[in-house]
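Asks: Listed below are the residues making up each chain.
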Amino acid sequence: RHYGRGKHTLRVASRANTHTHTTHKHKRMSFQPYQDNGGTGLAIAGPNYCVVAADTRLSTGYSILTRKSSKLITLGPKTVLASAGMQSDAIMLRKVLRMKSVTYEHEHGKPMGTTALGQLLANTLYGRRFFPYYTFNIVAGLDDEGVGAVYTYDAIGSGERVSHASQGSAQALIQPLLDNQVAHSNQTTEKRILSLDDAIALAKDAFTSASERDIYTGDTLQLLIITEEGIREEHIQL
Amino acid sequence: WNLQIKFLHGTTTLGFIYEGGVIIAVDSRASMGQYMSSASVKKIIEINPYLLGTMAGGAADCTFWERVLGMECRLYELRNKERISVAAASKLLCNMVYGYKNMGLSMGTMIAGWDKTGPNLFYVDNDGMRMRHQMFSCGSGSTYAYGVLDSGYRFDMTNEEAYELGRRAIFHATHRDAFSGGVARVYHIQPGGWVPIHPGTDVTELYYQYMYPSRAEGVEEVVMAE
Chain A
11 RHYGRGKHTL RVASRANTHT HTTHKHKRMS FQPYQDNGGT GLAIAGPNYC VVAADTRLST
71 GYSILTRKSS KLITLGPKTV LASAGMQSDA IMLRKVLRMK SVTYEHEHGK PMGTTALGQL
131 LANTLYGRRF FPYYTFNIVA GLDDEGVGAV YTYDAIGSGE RVSHASQGSA QALIQPLLDN
191 QVAHSNQTTE KRILSLDDAI ALAKDAFTSA SERDIYTGDT LQLLIITEEG IREEHIQL
Chain B
981 WNLQIKFLHG TTTLGFIYEG GVIIAVDSRA SMGQYMSSAS VKKIIEINPY LLGTMAGGAA
1041 DCTFWERVLG MECRLYELRN KERISVAAAS KLLCNMVYGY KNMGLSMGTM IAGWDKTGPN
1101 LFYVDNDGMR MRHQMFSCGS GSTYAYGVLD SGYRFDMTNE EAYELGRRAI FHATHRDAFS
1161 GGVARVYHIQ PGGWVPIHPG TDVTELYYQY MYPSRAEGVE EVVMAE
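Chains as they are written, first to last, in our numbering: chain A, 11 to 248; chain B, 981 to 1206.
Be careful, since some hints might not be right.
What follows is a list of derived Cβ distance ranges for each label pair [unchecked claim]:
1. 1127/B <-> 72/A: 46 to 56 Å
2. 70/A <-> 1097/B: 53 to 63 Å
3. 1084/B <-> 197/A: 33 to 43 Å
No lab work stands behind these hints: they were computed from the structure.
Note that CB positions come from ideal geometry on N, CA and C, so glycine has one too.
Work the whole structure out from these sequences, hints included.
Replies: Spelled out as structure tokens, the structure:
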């Protein structure tokens, strides 16, 4: 189903009257509000940390628009939002969320926590249920107890708290790797909890591998590490 | 080019009333087209301590509207100083989504609870349909679940038989329906409210128990991380 305010079909008449045998070239113009700008994000939650990573490539079709576009934004002192999909919708979404979270801070006298921001995102996305933000989001940070929290959403706000998540063009490449390494799925050896350094290494490996196989993922990896001390940033070439 | 946004769909959910109350059982798979986006979705929505809702169809539609329903139920309690009945709660939900009829909402949900009139089970969907009956199954795997439910159901079952029936019906649906899977969750609604019986049993573990009982070593209860 095409999402938007309906399909508008404009027919430009060809010069059918003057020619007997003409291939009627009808210029069909329809409302195409969406495009996919590619790119991928992931997040891994640990007992006292959260690692969020996203590439910085912005594409359209087979072209690269820029190699330096960020998909990550800090929404709160301990919370980061990663948005893959259409970046113009992502930019608007960030503005709207920033406005709502700043209003909350003024009204409540404290910044929004990760869980609250997750719910805010879900409700904001659902508010556009009939003309969605074409964004695939991950909210990641530390919850009120200081434990790593990752929330993953679909385009209209269906969210779930998980231990690890990926979204975007390389999601199908990265998610199985995270399932295996973070959640220990389908492994017969003993499970171990990832340390922060392990999680960072895993995120880097996931992206270097995904960049090899997905044309829309690459250039630079932007990594944000959220701990009790705050949010630290790293950049890795892909 | 025409980009279609795919939402989370595909499910098996079921509920039935018996002598001991209401059993609600669900799977936990979410799919976006042919990509399995999650194996740990909570399709039983805890509206309040004595009302449960299930999720089938669009995940966001179900969670959003049942959350609004929870808010309306709370307001009812504050205004009327008594708990809302299941009939009224399901009607609130039904009327909410009827306003969006034909606009593309996808929601097939069961509202279950225990109120003054006893155990109740209502089915509400995005077409504005609302029905009360003693057994329902919704979702892409519902046909498989109905088969198992119909063959094993008796009103005077014991609690254990009822839990087993619900879990087995979910298992068989997940086995045959590609869009159902993950874990089987079973909740029991008693006079005082709902109780989770099986918070999450991996259906691949149940496979050996139900299909090859002689080979099963015993099913391990896998409690999924919340």
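Asks: State for each hint whether it applies.
Replies: Here is what the structure says about each hint:
no.: 1; hint: 1127/B <-> 72/A: 46 to 56 Å; verdict: holds, 49 Å
no.: 2; hint: 70/A <-> 1097/B: 53 to 63 Å; verdict: holds, 59 Å
no.: 3; hint: 1084/B <-> 197/A: 33 to 43 Å; verdict: holds, 41 Å
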